[in-house]
Structure formats: C-alpha cells, structure tokens
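For chain A, the structure is supplied; the task is to place chains B, C and D on it using the hints.
Residue numbers (my numbering), protein chains in the order written: chain A, 1 to 147; chain B, 1 to 147; chain C, 1 to 147; chain D, 1 to 147.
No lab work stands behind these hints, which were simulated from the structure alone. Idealized CB from N, CA, C, for every residue including glycine. Be careful, since some hints might not be right.
In silico lysine-lysine, BS3-like type, Cα no more than 25 Å apart, as pairs [said to hold, decoys possible]: (1) A:K125 / B:K106; (2) D:K70 / C:K125; (3) B:K70 / A:K125; (4) D:K70 / D:K6; (5) D:K6 / D:K141; (6) C:K70 / C:K6.
Ranges between beta-carbon positions, derived for each pair [what the hints assert, rightly or not]: (7) A:M53 / C:D130: 39 to 47 Å; (8) D:E55 / C:P72: 18 to 26 Å; (9) D:I56 / C:D48: 49 to 57 Å; (10) A:K141 / C:A127: 53 to 61 Å; (11) C:D130 / A:D77: 48 to 56 Å; (12) B:E45 / C:E13: 19 to 27 Å; (13) A:E55 / D:M50: 46 to 54 Å; (14) D:Y124 / C:Q25: 14 to 22 Å; (15) B:D91 / A:A127: 39 to 47 Å; (16) A:M53 / C:I56: 27 to 35 Å.
Protein chains: 4
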Amino acid sequence: MEELLKDFPVVIEVPVAWGDMDAFQHVNNTVYFRFFESARIAYFEKIDLMGLMQEIGIGPILAAAHCRFKIPLTYPDRVSVGARVISTGEDRFTMAYVAVSHRHGKIAALGEGELVVFDYGKNYKAAMPDVLRDRIAEVEKGSQVQV
Amino acid sequence: MEELLKDFPVVIEVPVAWGDMDAFQHVNNTVYFRFFESARIAYFEKIDLMGLMQEIGIGPILAAAHCRFKIPLTYPDRVSVGARVISTGEDRFTMAYVAVSHRHGKIAALGEGELVVFDYGKNYKAAMPDVLRDRIAEVEKGSQVQV
Amino acid sequence: MEELLKDFPVVIEVPVAWGDMDAFQHVNNTVYFRFFESARIAYFEKIDLMGLMQEIGIGPILAAAHCRFKIPLTYPDRVSVGARVISTGEDRFTMAYVAVSHRHGKIAALGEGELVVFDYGKNYKAAMPDVLRDRIAEVEKGSQVQV
Amino acid sequence: MEELLKDFPVVIEVPVAWGDMDAFQHVNNTVYFRFFESARIAYFEKIDLMGLMQEIGIGPILAAAHCRFKIPLTYPDRVSVGARVISTGEDRFTMAYVAVSHRHGKIAALGEGELVVFDYGKNYKAAMPDVLRDRIAEVEKGSQVQV
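Chain A with its partners taken away, still in its complex shape (with noise of 0.2 Å):
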C-alpha cells in the first residue's frame, strides 16, 4: 500500500460507512469524489490555502472532477486516499487522487480534479500567485524526495 500511495503528499484514511453503499450494494460513485475532495481539503490545509484565501482574496474552484473506479468497494473496509498536484497553468492547476482499498491492497479509483484559482473580489479567474506556486512546488517536493 505504501508503494501505491509513495508519490502523493497528503494522505488522509477513511473508514467506508454502511451507509455509503447504494442498492447495488457498492459503494456509491458520488462517495468516491466526497473521499477526494476530502484529500483535496488536506491539502489546501498543508500548504495554508484557506490562511492564503483570507490574506489575498484569492481561491480555488473545482472546475472539473474527474474518476476512473477500477473495484468496487464494500463495507466495511478502510481507504487510504493521496492528494498531489500534477501540473500548474496560468490560472489554474491540477490534482491527481488515489483511493487505497486496505481490504484489497489495491487501487480502487483513480481520480482529477481541475482548480482554477479566482479572485473573489473582482469575481473572476485569476493569474495564480507565486506564493501559493511556491507552496505547492515546496510540498510536491517533499514528495518526490520521499520517492
């Protein structure tokens, strides 16, 4: 599991819920992007982007979310869940996901999500700054020495 999880950051674990699963008796989809927004979440706290938010009126919008499930999950079982960001654009960055199914020892989804960065001051999208640029280069870093 650690080799499957080596490239992201920020981590989070997460018990599946009963009630998580759907007639189907699977996990619903729709849960799969609550455990990656809450990744996603973990992340922004790692590099202080709420602190970021409030100092210089700048955040993020999800403006696209993207899963592949590769098994099903089921209760009960436990998923470890990685947040990193893949690439960084003018006004816009994005993030790839991992869910870990502990049961499984293997991958269970795949996911990404596209945030662009807004100004919410003048209600519009925004050159990303450097500071939070920098932030994210300091934690992705991290990562890559862990590998």
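Just chains B, C and D, lined up with the frame of chain A:
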C-alpha cells in the same frame, strides 16, 4: 432551456435542496454526480435495462465518471438533467449528461460516464448484446427526430 | 393525499432518487431528515426567517430531530413533505413534519424538530421575538382555514 | 472522553469530513444519523445479527430515530460514536447512541433508535428470538463490567 436539452432523449427534473449546499454555500460537487446518476437510471429504465439484467444476467458497471462545472448552483433552483448515449463499443458505451439550471437558464454542468457491460454469471466484462445496442439506437434515434 | 397534508401550511414535493436507497434497498433513514430539512427551510422562507436573521441577528438552531418510519420508501416514488409549527415556547418552537408517498398514497414517515432561537451576537439562546411569533401564527392560521 | 463512552459496549471512531458541513458551516443534521447508523451496524456485527438474519430469516427494521444536538460539530474533528441497547421488548429493542467530539472532549449529540424485529418470510414483525436477546445481554453485560 429546451434548446440546451434537445439532444437528450431522457430528461429528468430535480429540485436543488438547501442541504445540497456545502460550507462554500454552493451545491457540493458530489451532488452533480447524483444528478447524473438519477438521469442515467432514468435512461436505463427507458431501455428496460433492469429487465435485461434479470433475463440475460448482464448489466452495466460505471467504469469512469467526469463532470465539468460551468456555473455554481445554489438553493433555491431546479435542475433539468439530460442523458444520452454518445458512443457504443465492443464491451462498453459512453453517456453524456447535461445539468441545466432553471434559475439561470444556462448549463450548470456537463458530464460523461463510461459504462462497461458486465456478465454477473461469469463475473467478467461481456460483449455488448445486440438487444442492448438496438434499444439504445432506438432511443437515440428518437432524440435525433426531436432535433 | 390532500387529506394527509391538510394541516400543513407548507408542503414541498421531492422525487425519490435511486441513490437515496441503501444496501437494504430502501430509502436510507438519513434521507428522511433531508426531506424534513427541505420542508423546514421552505417554511422558514414563508415567514422570511432569513431576512429576520439579518435584521435582528437572531435565528433558529435545530436542537432535536425525530422521525417515525411508517412505510419503507423505494425508488421510483415522489414524496410530499409537509411542515407546521405545533407549539411555541419562551425561547423555542416545535415543528411537525409528514412525508407522504405518492406511490402508496400513505404516510411514509412522521417527524418532529425542536428549534431554539439563537442570538448570534450574544452567542446564546434568546427569547423568541414577537415578530417571529406573529409570522408563525399568521402562517398557521392560514392552515386552519384550509381545514 | 472514556468516561463519556464507558456505558457503550460498541464504539466506533469517524473523521468529520469537510463535506459533512452545510451552508451554515456546521455538520449537517443528517450526518449525525449516519454516525448513529454506523455505530448501530457495528453493534449488529458484534452480535452477528447479519448471520442470524440469514439463518432464521429475521432482522431488525428501524422504526424510529431521534437525536438531540448538544454542540455543533465542525471540520476538522473526529467523533467517537457509542451504541448500546437500553431496553428489549416483545418484538423490538431500543438503542442509545452518543457522539463525542474529540476536539471539544464533550458530547456532541445523543441519539436513540427503535428497532423492530421483522420476519422477512412472513413480511411481518416477529417476536424477538431468544438467541438475539441472549447475544444482546452478553454484549451489554460486558459493558457493565467495564463500568
């Protein structure tokens, strides 16, 4: 709004619940995938896919899901969600979804889902049966006529 | 169905989503509280409670919630959910809810909620303002007339 | 915290997800019922109720659910949720739940659930089987010993 939905042979209408919003005071990203799921199930009913599952032991499994968020939704609003099949392969088909905000009269989100045909007896993916291909073609033909 | 809802001055209608069902293939118990919440918010809109919150800094906090499940709901169905205020106290009021299944033409669940009036400035519960008491009385009087 | 949970023979621990919060920026009321459900299922596992369901075709149905909210939960936090059976009747039993916030070291919510014993073959409620009564007594005796 009809123009935005005209290519979709199956359209459902859903109220946005206050509780669909998260702490950022927009409808949470996972809820869009619930919208798409509801439209997908309505499409499956139109081609009686559940009946087919029981008859020949074959059914669809969601292999991938995607959403591009265009406008943040807020309560109160109503959403019309369209579903269509945009391609069929040897053992899978791809659906496209659109979620249209009544309040804005605009597309709130675009989605896609990849469905793999699964043989529950063999516990393995299966060739797409002709009857399923035919039923999809018939439903989609109807939508072309609407156009 | 009208008979079942006649004492409720606020009634909303909600489709049951396929994804509301859990692994027991009934609508999950948490969803009933979402139904009641949606009806509660609609009631708050009717008495412009949000406006009142902004004007005088006072709002309701859910202190207790109760549900008695009468019939298991399944997809597909539509539910009409009624909300009314059944008692008002010094610093709180009690709402009653009913969820009526269209498919069965019967009550699916009965609920209650206790709302405490909260002063956001003092961060403490507050005496119920007369204006709130009056607005509730007016809405509830209307429902008596319907009867 | 141990003191708060000592009467509960089954305790689970759950992280609060950012997405559990609603537009009022507190954990939404429906999530507490999900917490209680997860603890209830863990209790059912401890008495192997699912095994019993398959053996003798009898299982529990949630007839009523109640929650008293004591402290608003927010992300980030972790919650320990305890479940116990506080009474058994002819054809039903009552569970009590507690949700303890790690951040506050206090009770966030108290809950109760009424479970009716149901015979799936007869599609009607059934007398509570002795084996179920015995297993509950054994689990609850254990909790007394802890005290």
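To see whether the hints hold, each was checked on the structure:
1. With a CA separation close to 19 Å, the supplied pair K125 of chain A and K106 of chain B stays within the 25 Å bound.
2. Our distance criterion of 25 Å between C-alpha atoms is met by K70 of chain D and K125 of chain C, whose separation comes to about 13 Å.
3. Of the pairs offered as hints, the one joining K70 of chain B and K125 of chain A holds, with about 13 Å between alpha carbons and a cut-off of 25 Å not exceeded.
4. Annotation: proposed proximity of K70 of chain D to K6 of chain D holds, straight-line Cα distance about 19 Å (limit 25 Å).
5. Taken as a hint, the K6 of chain D and K141 of chain D pair is honoured in the structure, with Cα atoms around 12 Å apart against an allowance of 25 Å.
6. Straight-line distance between C-alpha atoms of K70 of chain C and K6 of chain C comes to about 19 Å, which keeps the hinted pair within the 25 Å bound.
7. Distance hint check: the CB atoms of M53 of chain A and D130 of chain C are about 40 Å apart, consistent with the given range 39 to 47 Å.
8. Between E55 of chain D and P72 of chain C the Cβ separation comes to about 23 Å, which falls inside the hinted range of 18 to 26 Å.
9. Taking the beta carbon of each, I56 of chain D and D48 of chain C are about 55 Å apart, inside 49 to 57 Å as hinted.
10. A beta carbon spacing of about 57 Å between K141 of chain A and A127 of chain C agrees with the range 53 to 61 Å that was offered as a hint.
11. With their beta carbons about 54 Å apart, D130 of chain C and D77 of chain A fall inside the hinted range of 48 to 56 Å.
12. At about 20 Å, the beta-carbon gap between E45 of chain B and E13 of chain C stays in the expected band of 19 to 27 Å.
13. Restraint check, E55 of chain A to M50 of chain D: a C-beta distance of roughly 52 Å satisfies the suggested window 46 to 54 Å.
14. Taken as a hint, the range 14 to 22 Å holds for the pair Y124 of chain D and Q25 of chain C, whose Cβ atoms sit roughly 18 Å apart.
15. Taken as a hint, the range 39 to 47 Å holds for the pair D91 of chain B and A127 of chain A, whose Cβ atoms sit roughly 44 Å apart.
16. For the pair M53 of chain A and I56 of chain C, the supplied restraint of 27 to 35 Å holds, since their beta-carbon distance comes to about 30 Å.
Violated hints for the displayed structure: none, as all numbered hints are satisfied.
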